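What follows is each chain in one-letter form.
Protein chains: 2
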Amino acid sequence: MAKPKVACLLAGDFEDSELKVPYDRLTGAGIQVDIIGGRAGEQLEGKRHEETALTDKSIDGVRPEDYDALLIPGGYSPDKLRADERFVEFVRRFDRLGKPIAAVCHGPQLLLTAGLVKGRAMTGWKTVQADLKAAGADVRDEPLVLDRNWITSRKPEDLGVFTEALLKSLR
Amino acid sequence: MAKPKVACLLAGDFEDSELKVPYDRLTGAGIQVDIIGGRAGEQLEGKRHEETALTDKSIDGVRPEDYDALLIPGGYSPDKLRADERFVEFVRRFDRLGKPIAAVCHGPQLLLTAGLVKGRAMTGWKTVQADLKAAGADVRDEPLVLDRNWITSRKPEDLGVFTEALLKSLR
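Chain order of the listed sequences is B and W.
Using this note's numbering, the first residue of the first sequence is number 1, and each one after it goes up by one.
Using this note's numbering, the first residue of the second sequence is number 1001, and each one after it goes up by one.
Since the hints were made in silico from the structure, they are not lab data.
Quick caveat: nothing in here was measured; it's all calculated off a predicted structure.
Misleading hints may appear alongside valid ones.
As the list claims (entries may be wrong) - Straight line, CA to CA, 25 Å or less: simulated BS3-like cross-link-like pairs of lysine-lysine: (1) B/Lys168 to B/Lys155; (2) W/Lys1126 to B/Lys80; (3) W/Lys1047 to B/Lys47; (4) W/Lys1047 to W/Lys1003; (5) B/Lys47 to W/Lys1020; (6) W/Lys1126 to B/Lys133; (7) W/Lys1080 to B/Lys133; (8) W/Lys1080 to B/Lys155; (9) W/Lys1020 to B/Lys126; (10) W/Lys1047 to W/Lys1155; (11) W/Lys1133 to B/Lys126; (12) B/Lys80 to W/Lys1133; (13) B/Lys155 to W/Lys1047; (14) W/Lys1020 to W/Lys1003; (15) B/Lys118 to W/Lys1047; (16) W/Lys1080 to B/Lys20; (17) W/Lys1020 to B/Lys80; (18) W/Lys1168 to W/Lys1005; (19) B/Lys118 to W/Lys1168; (20) W/Lys1155 to B/Lys47; (21) B/Lys126 to W/Lys1168; (22) B/Lys80 to W/Lys1155.
Work out the full structure, taking the sequences as your base and the hints as a guide.
As structure tokens, then:
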């Protein structure tokens, strides 16, 4: 069986641990994680200045069909990504394929902008929960919410169960 | 007539110009602007590291009744403020009094979390527009939207008309 591949959508000012914890755990399990940004080879810095990441690919050079799951770390990164229709459309197409989407903290903002949250059970950062509720999502203030292909969590403290759920979805 | 007083709700990583431009214009016109944060005497820095602001008062020490208008600059500040129920409740009470509320860029996030946006004509930063729409607001992609006591704008480029509208509301 081919090695699973995960697409990670990232912009600057991401929540440092929300990249590092899943990234280290996934790559440690032999899974390829491509960091996908506005352009390839760009150095991105976390909002706490603890982590940096080099984008492997530009969003223009990837297709949802090439990946087995999608990872969306939080921080201010998702609000930057959703200002760019290329990322919103990538998420929309990924969901249409029914492949696992794991979004933590502010990550679900991308799902909201993609118009996908109505009626979905999910969670997110406490301030984002209000937006999701107002958009018609079935919001739960829990560490991990699973709904069909969606894996959502609230914050860095939830990263253990979040990452395990993402790993499990790839088995 | 007493000098008008404006309450400005602020946290760190605000959009620098969205504090500076209205603040300078209002204080230059003889209007008192109180910068209100989580606690008094706190130094806050803009997200572009161009501006700093010292909070005049803590949210615990102010009442909507003490002010003639409310100013909510954007950047990442509003998402931090709305994580704290004291700010959300202040906005809710301010709106109940029907006094002018001027929110720019991410500022309308506070109005959304306060549960006030349904059916209101308004605008905001492009990514926030999606949240507002999903929450039932009548969103317009225009530099300035006026609806009863609300004054909303999208971004730094709109600050001229935004600030003039706020000034006019105080006359």
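Hint check:
1. Of the pairs offered as hints, the one joining B/Lys168 and B/Lys155 holds, with about 20 Å between alpha carbons and a cut-off of 25 Å not exceeded.
2. Distance check on the hinted pair: W/Lys1126 and B/Lys80 sit about 10 Å apart at the alpha-carbon level, within 25 Å; holds.
3. Taking the CA atoms of W/Lys1047 and B/Lys47, the gap is about 11 Å. The hint holds against a cut of 25 Å.
4. For the hint pairing W/Lys1047 with W/Lys1003, the CA-to-CA distance comes to about 31 Å; that exceeds 25 Å, so the pair is violated.
5. A threshold of 25 Å between alpha carbons decides the hint, and for B/Lys47 with W/Lys1020 the separation of about 23 Å falls inside it, so the pair holds.
6. With a CA separation close to 20 Å, the supplied pair W/Lys1126 and B/Lys133 stays within the 25 Å bound.
7. Simply put, W/Lys1080 and B/Lys133 have alpha-carbon atoms about 18 Å apart, close enough for the 25 Å limit, and the pair holds.
8. At roughly 14 Å between alpha-carbon atoms, W/Lys1080 and B/Lys155 fall within 25 Å of each other, so this suggested pair holds.
9. Restraint check for W/Lys1020 and B/Lys126: the C-alpha separation of about 29 Å exceeds 25 Å, so the hint is violated.
10. Between W/Lys1047 and W/Lys1155 the CA atoms are separated by roughly 14 Å; this keeps the pair inside 25 Å, and the hint holds.
11. Proximity of W/Lys1133 to B/Lys126 is assessed by CA-CA distance (about 20 Å); at most 25 Å being required, the pair is judged to hold.
12. Among the hinted pairs, B/Lys80 with W/Lys1133 is consistent with the structure: their alpha-carbon atoms are about 18 Å apart, no more than 25 Å.
13. Taking the CA atoms of B/Lys155 and W/Lys1047, the gap is about 22 Å. The hint holds against a cut of 25 Å.
14. For the hint pairing W/Lys1020 with W/Lys1003, the CA-to-CA distance comes to about 20 Å; that is within 25 Å, so the pair holds.
15. With a C-alpha separation of about 32 Å, the suggested pair B/Lys118 and W/Lys1047 falls outside the 25 Å cut-off, and the hint is violated.
16. Of the pairs offered as hints, the one joining W/Lys1080 and B/Lys20 holds, with about 23 Å between alpha carbons and a cut-off of 25 Å not exceeded.
17. Taking the CA atoms of W/Lys1020 and B/Lys80, the gap is near 23 Å; set against the 25 Å cutoff, the hint holds.
18. Between W/Lys1168 and W/Lys1005, the direct Cα distance comes to roughly 14 Å. Compliance with the 25 Å bound is thereby established for this hinted pair.
19. Between B/Lys118 and W/Lys1168, the direct Cα distance comes to roughly 39 Å. Violation of the 25 Å bound is thereby established for this hinted pair.
20. A C-alpha spacing of about 22 Å is found between W/Lys1155 and B/Lys47, which places the hinted pair at or below 25 Å, so the restraint holds.
21. For the suggested pair B/Lys126 and W/Lys1168, the alpha carbons sit about 36 Å apart, so the restraint of at most 25 Å is broken.
22. Restraint check for B/Lys80 and W/Lys1155: satisfied, since their Cα atoms lie roughly 14 Å apart, inside the 25 Å limit.
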